[in-house]
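J.: Spelled out from the first residue to the last, the chains are:
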Amino acid sequence: MGTSREPFHVSSSEFPGGVRLDVRGEIALAEATQFRAAIKEAQDRQPKKLVINLAGVGYMNTPGLAALVEALQVSRKTNRALALTGLSEKVRAVFEMARLTKVFSIYPSAAEAEQAS
Amino acid sequence: MSTDSVEPHLRIELVSNPLLLGGVRELLGNVSRRFGFPDADSSKIALAVDEALCNVMRHGYDRRQDGRIWISVWILGSGGRASPDVGACDHGRAIGAAGIRITIDDEAKQVDPDQIKSRDLSDIRPGGLGVHIIREVMDEATYARRETNGMRLTMVKMLKAGDAPCCAGAVGAPTAPPNVQVSPVAPIRSEADAGSRTATQEGARGHVA
Chain A
1 MGTSREPFHV SSSEFPGGVR LDVRGEIALA EATQFRAAIK EAQDRQPKKL
51 VINLAGVGYM NTPGLAALVE ALQVSRKTNR ALALTGLSEK VRAVFEMARL
101 TKVFSIYPSA AEAEQAS
Chain B
1001 MSTDSVEPHL RIELVSNPLL LGGVRELLGN VSRRFGFPDA DSSKIALAVD
1051 EALCNVMRHG YDRRQDGRIW ISVWILGSGG RASPDVGACD HGRAIGAAGI
1101 RITIDDEAKQ VDPDQIKSRD LSDIRPGGLG VHIIREVMDE ATYARRETNG
1151 MRLTMVKMLK AGDAPCCAGA VGAPTAPPNV QVSPVAPIRS EADAGSRTAT
1201 QEGARGHVA
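These protein sequence lines map, in sequence, to chains A and B. Residue 79 in the working numbering sits at position 79 of the first sequence; the count goes up by one each step and never skips. Residue 1066 in the working numbering sits at position 66 of the second sequence; the count goes up by one each step and never skips.
Possibly wrong hints are sitting among the right ones.
On the chain B side, residues computed to face chain A include the following (Cβ under 8 Å) [as the list claims (entries may be wrong)]:
no.: 1; residue: P1018
no.: 2; residue: L1019
no.: 3; residue: G1022
no.: 4; residue: V1024
no.: 5; residue: S1043
no.: 6; residue: L1047
no.: 7; residue: C1089
no.: 8; residue: G1092
no.: 9; residue: I1116
no.: 10; residue: K1117
no.: 11; residue: D1120
no.: 12; residue: D1123
no.: 13; residue: L1129
no.: 14; residue: I1133
no.: 15; residue: E1136
No farther apart than 25 Å at their CA atoms in a straight line, the calculated lysine to any residue pairs in the SDA-like style are these [as the list claims (entries may be wrong)]:
no.: 16; chain 1: A; residue 1: K90; chain 2: B; residue 2: H1132
no.: 17; chain 1: A; residue 1: K90; chain 2: B; residue 2: D1120
no.: 18; chain 1: A; residue 1: K40; chain 2: B; residue 2: K1117
no.: 19; chain 1: A; residue 1: K90; chain 2: A; residue 2: K48
no.: 20; chain 1: B; residue 1: K1160; chain 2: A; residue 2: D22
no.: 21; chain 1: A; residue 1: K90; chain 2: B; residue 2: G1162
no.: 22; chain 1: B; residue 1: K1160; chain 2: A; residue 2: K40
Computed footprint of chain B on chain A, listed as stretches where at least three residues anywhere in the stretch have a Cβ under 8 Å from a Cβ of chain B [stated by the list, open to error]:
no.: 23; segment: 9-18
no.: 24; segment: 24-38
no.: 25; segment: 48-62
no.: 26; segment: 92-99
no.: 27; segment: 108-114
Hints in this document: simulated from the structure, not taken from any laboratory. This structure is a prediction, so every number in the text was calculated from the model and none was measured. Just so it is clear, CB atoms sit at the ideal spot from N, CA and C, and this is done for glycine as well.
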């Protein structure tokens, strides 16, 4: 589990049928633009499924949520799957306050997120 | 309704640079924790302040990074009043702390406070969630125009019964949130246009009812 003091970083990898982004650090106002750009780059590759692994994210606020909601809108428009995983207690609390836990497909592990149909 | 003429326990002045937000979050979360809020609530208080500052930077200052922002924090006693002895440290524990009041002042553009609303959450779209989170976390969140420029957001969060076990016996029984109303408020002027910002701020607090 990452800490909020880690610098923001996104790495991308492929799995059969999709692309996975592993995110570390904080996703707040200063990082939201970079986060959004990383997601867009991944979605532009048109994977059947995009998995965003937030296990290394110690803090997220609404600019981060907004980037994810944009990604969800793109995935729905293009008929491609978007899955989230690795939500820490703190990050999940933000999703819950924004009533977004039922809007996204959220999985307990990256493996389950990749395998889910 | 209480009138607090008490100096804030903590005052932070910053420019509207998003890179400063992490430090503010850590400080506010830490202070909340030390004055008796559980970890989860302390994190949420820091989140609410962060969301408020994001709104000032994005919408108030249109992402300009040279705007001034002031954060003032009062530790409140029973009944929601601040006084010089509330929150005093006794062997590492806060005496009489029953809540926290945080104001955020800016010199950004003014908007009608009634227009600052959280959006319908069933409408799934990016943006517009910050105000909802602030209101969800805090017991009170009141926006007001400052007298000459900018806005002030006043937020209050009281400890719940059972919080702050370390201070049991010393804490006044937490009460329902005070009905703090702030409107209109005097400005906190920048160093550039104020000979004495402290004096001006004192004037601002005189309007806090």
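J.: Against this structure, judge whether each hint is valid.
T.: Verification of the hints:
The interface hint given for P1018/B is met, as the beta carbon of that residue sits about 4 Å from the closest beta carbon of chain A, less than 8 Å. Hint status for L1019/B: holds, given a least beta-carbon distance of 5 Å to chain A, under 8 Å. Given the 8 Å rule on beta carbons, the hint for G1022/B holds: about 6 Å separates it from the nearest Cβ of chain A. Evaluation of the V1024/B hint against chain A yields a violated restraint, the C-beta minimum of about 11 Å exceeding 8 Å.
Checking S1043/B against chain A by beta carbon gives a least distance of about 6 Å; that is within 8 Å, so the hint holds. A distance limit of 8 Å between C-beta atoms decides the matter here; for L1047/B the minimum to chain A is near 6 Å, and the interface restraint holds. Violation of the interface hint for C1089/B is found here, the shortest Cβ-Cβ separation to chain A being roughly 27 Å, above the 8 Å cut-off. The interface hint given for G1092/B is violated, since its Cβ lies 25 Å from the closest Cβ of chain A, which is over the 8 Å cut-off.
Because the closest C-beta pair between I1116/B and chain A is about 15 Å apart, greater than 8 Å, the hint is violated. Given the 8 Å rule on beta carbons, the hint for K1117/B is violated: about 15 Å separates it from the nearest Cβ of chain A. Residue-level restraint check for D1120/B is violated (minimum Cβ-Cβ distance to chain A is 10 Å; threshold 8 Å). Here the hint on D1123/B is broken, as its CB sits about 11 Å from the closest CB of chain A, past 8 Å.
Here the hint on L1129/B is kept, as its CB sits about 4 Å from the closest CB of chain A, short of 8 Å. A hinted interface residue such as I1133/B counts as satisfied when its beta carbon comes closer than 8 Å to some beta carbon of chain A; here the least separation is about 5 Å, so the hint holds. The beta carbon of E1136/B comes within 5 Å of a beta carbon in chain A, closer than 8 Å, and the hint placing it at the interface holds. A threshold of 25 Å between alpha carbons decides the hint, and for K90/A with H1132/B the separation of about 17 Å falls inside it, so the pair holds.
Proximity of K90/A to D1120/B is assessed by CA-CA distance (about 23 Å); at most 25 Å being required, the pair is judged to hold. Among the hinted pairs, K40/A with K1117/B is inconsistent with the structure: their alpha-carbon atoms are about 30 Å apart, more than 25 Å. With a C-alpha separation of about 29 Å, the suggested pairing of K90/A with K48/A is violated against the 25 Å cut-off. With a CA separation close to 38 Å, the supplied pair K1160/B and D22/A exceeds the 25 Å bound.
Pair hint K90/A plus G1162/B holds up; C-alpha atoms about 22 Å apart against a cutoff of 25 Å. Taking the CA atoms of K1160/B and K40/A, the gap is near 43 Å; set against the 25 Å cutoff, the hint is violated. Restraint check on the segment 9-18 of chain A versus chain B: 0 residues with Cβ-Cβ distances below 8 Å, three needed, restraint violated. Interface restraint, the segment 24-38 of chain A with chain B: holds (4 residues with C-beta to C-beta distance below 8 Å; minimum three).
Counting residues of the segment 48-62 of chain A whose C-beta sits closer than 8 Å to any C-beta of chain B gives 3, which meets the bar of three, so the coverage hint holds. Given a C-beta distance limit of less than 8 Å, the hint that chain B covers the segment 92-99 of chain A holds, as 5 residues qualify and 3 suffice. Counting residues of the segment 108-114 of chain A whose beta carbon lies closer than 8 Å to any beta carbon of chain B gives 0, which falls short of the minimum of three for the stated coverage.
Checked against the numbered hints given earlier, the structure breaks hints 4, 7, 8, 9, 10, 11, 12, 18, 19, 20, 22, 23 and 27 and satisfies all the rest.
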